[in-house]
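**Student:** Sequence:
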Amino acid sequence: MQSELSEMFGRVWKNGGLYSGDRRRLMLAILEENSLSSEEYATIDRLIHAVRRGWLQVLD
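So the sequence shown is numbered by the numbering used here: it starts at 1157 and just counts up by one.
Hints may be right or wrong, so weigh each one.
Pairwise CB distance ranges (calculated) [as the list claims (entries may be wrong)]:
(1) 1190 - 1170: 15 to 23 Å
(2) 1190 - 1210: 14 to 22 Å
(3) 1186 - 1213: 27 to 35 Å
(4) 1202 - 1177: 28 to 36 Å
(5) 1180 - 1159: 15 to 23 Å
(6) 1183 - 1162: 28 to 36 Å
(7) 1216 - 1190: 18 to 26 Å
(8) 1183 - 1209: 15 to 23 Å
(9) 1201 - 1159: 27 to 35 Å
(10) 1215 - 1160: 17 to 25 Å
These aren't lab readings, by the way, just hints derived from the structure by calculation. Every residue, glycine too, gets a C-beta built ideally from N, C-alpha and C.
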């Protein structure tokens, strides 16, 4: 899962935003019980923080 999140992180920053498929994968990863490490949670937190700050957009 970490490599998938790392790839998504890079792709999202390159594209400038989160597409619906990216958002869905993040929601599923968060909802799966005991599936994420602390590094993976930190990656997701960085993405959410970037959206809140306006550095990334939520795209359709």
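**Student:** Against the earlier hints, flag every one the structure doesn't satisfy and list their numbers going up.
**Tutor:** 1, 2, 3, 4, 6, 7, 9
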